Amino acid sequence: MSSTPSSSSFTESWLPGPQSTSFYTRLYTPPPATPTRALLVFVHGYLEHIGRYETAHSRWASRGVAVFAYDERGFGRTALGEQRSAGAGYGRTGGGDARMGDLEWALRYAREEVKGVPMFLMGHSMGGGLVLSFATRLRSPPSKDTIGLLSGVIASSPLVRIVRQAPSSLFLYTITFLSKLFPNIQLNTPVQDQDLSHDPAVGPEHLADPWMKGHASLEGIVDMLSRGELLLTEGHRVWPKDLPVLILHGDEDMINGFPTCKDFFDILQTPDKTFVEYPGMFHDLMTEPDVKERYFEDCYSWLDQRVPS
Numbered sequence: 448m449s450s451t452p453s454s455s456s457f458t459e460s461w462l463p464g465p466q467s468t469s470f471y472t473r474l475y476t477p478p479p480a481t482p483t484r485a486l487l488v489f490v491h492g493y494l495e496h497i498g499r500y501e502t503a504h505s506r507w508a509s510r511g512v513a514v515f516a517y518d519e520r521g522f523g524r525t526a527l528g529e530q531r532s533a534g535a536g537y538g539r540t541g542g543g544d545a546r547m548g549d550l551e552w553a554l555r556y557a558r559e560e561v562k563g564v565p566m567f568l569m570g571h572s573m574g575g576g577l578v579l580s581f582a583t584r585l586r587s588p589p590s591k592d593t594i595g596l597l598s599g600v601i602a603s604s605p606l607v608r609i610v611r612q613a614p615s616s617l618f619l620y621t622i623t624f625l626s627k628l629f630p631n632i633q634l635n636t637p638v639q640d641q642d643l644s645h646d647p648a649v650g651p652e653h654l655a656d657p658w659m660k661g662h663a664s665l666e667g668i669v670d671m672l673s674r675g676e677l678l679l680t681e682g683h684r685v686w687p688k689d690l691p692v693l694i695l696h697g698d699e700d701m702i703n704g705f706p707t708c709k710d711f712f713d714i715l716q717t718p719d720k721t722f723v724e725y726p727g728m729f730h731d732l733m734t735e736p737d738v739k740e741r742y743f744e745d746c747y748s749w750l751d752q753r754v755p756s
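Residue 448 is where the sequence shown starts when you use the working numbering, and the numbers rise one by one after that.
These aren't lab readings, by the way, just hints derived from the structure by calculation. Computed from a predicted structure; not experimentally measured. Glycine included, each C-beta is placed from N, C-alpha and C at the ideal position. Treat the hints with care, as some may be off.
Computed Cβ-Cβ distance ranges for the label pairs, DEER-style [said to hold, decoys possible]:
#	residue 1	residue 2	range
1	Gln-716	Pro-482	16 to 22 Å
2	Phe-629	Leu-585	23 to 29 Å
3	Lys-709	Glu-529	22 to 28 Å
List time: in silico DMTMM-like cross-link candidates among lysine to aspartate or glutamate, alpha-carbon distance up to 25 Å [stated by the list, open to error]:
#	residue 1	residue 2
4	Lys-562	Glu-459
5	Lys-688	Glu-551
6	Lys-709	Glu-699
7	Lys-709	Asp-640
8	Lys-660	Asp-689
9	Lys-591	Asp-719
10	Lys-660	Glu-459
11	Lys-660	Glu-681
12	Lys-591	Glu-551
13	Lys-709	Asp-656
14	Lys-688	Glu-652
15	Lys-591	Asp-544
16	Lys-591	Glu-676
17	Lys-720	Asp-656
18	Lys-660	Asp-642
19	Lys-688	Glu-699
20	Lys-627	Asp-642
21	Lys-720	Glu-681
22	Lys-627	Asp-640
23	Lys-720	Asp-689
24	Lys-562	Asp-592
25	Lys-688	Glu-459
26	Lys-709	Glu-652
27	Lys-720	Glu-459
28	Lys-627	Glu-676
29	Lys-627	Glu-740
30	Lys-562	Glu-529
31	Lys-688	Asp-656
32	Lys-591	Glu-740
33	Lys-709	Asp-689
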């Protein structure tokens, strides 16, 4: 393991994770005069990396919430950095067991690093779909003990079903079959940058980011799309009854479908569930000029209400 203090509010580390994979991670901690009240483990979106969230995660830390985040297998520095594992490559994400195992490892690691405070799990976009699926998966990983460590889940613009060319059952069956034969074939599947935010600077920044590419493996894409369908068919019935959940979504999201996400929320069988709708907003709520401040406060207030005073 290697760790490097940052000039910002985080420490970056390369950590040995599942399947001999080295993960690039960041741990944001509150300032010395600010007590740590909670821990947030964060999962980024499709093609992304945790560097995009430095401002947001620093803000969480300034409010007393430590944040642990990692570049997922196949993305960001975990795939492209100088200390990446042998055999690592951009888009080589592995399937569902690998992704869930990685997240379980991250939660366990973060729990050991920051003890004695409630732990929450948050994900955006693909990461939002992943954290919802994590709590409802019917087989290990994760273990029930790991899910039991959580005090709440936050899903931002989660991938339940994509907007453009939403997959049919036949399409999913076909690509699932092909993914068994050719799991690491790379497909060119870039995000439409103009659909991210009303801020005209966000799209060009997305395109110019050296840690983001426009492709992913067939196996990873199948896993991502299939997980959303499972949320609609079975996941909504098995959500842990004592696990609070917050879902936030712009109703003009052109990447992940708002109506399907709301459908999932409506049938989700748990008493402590909250849905926040942002009328007229696109996908990347943290950069939407009209709501980015409200978005952070909505997330923080919800978490704060579930942390003992």
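Quiz item: Of the hints given before, which are not true for this structure?
Solution: When the structure is compared with the hints, numbers 1, 3, 8, 11, 13, 14, 17, 19, 20, 22, 25, 26, 27, 29, 30, 31, 32 turn out to be violated.
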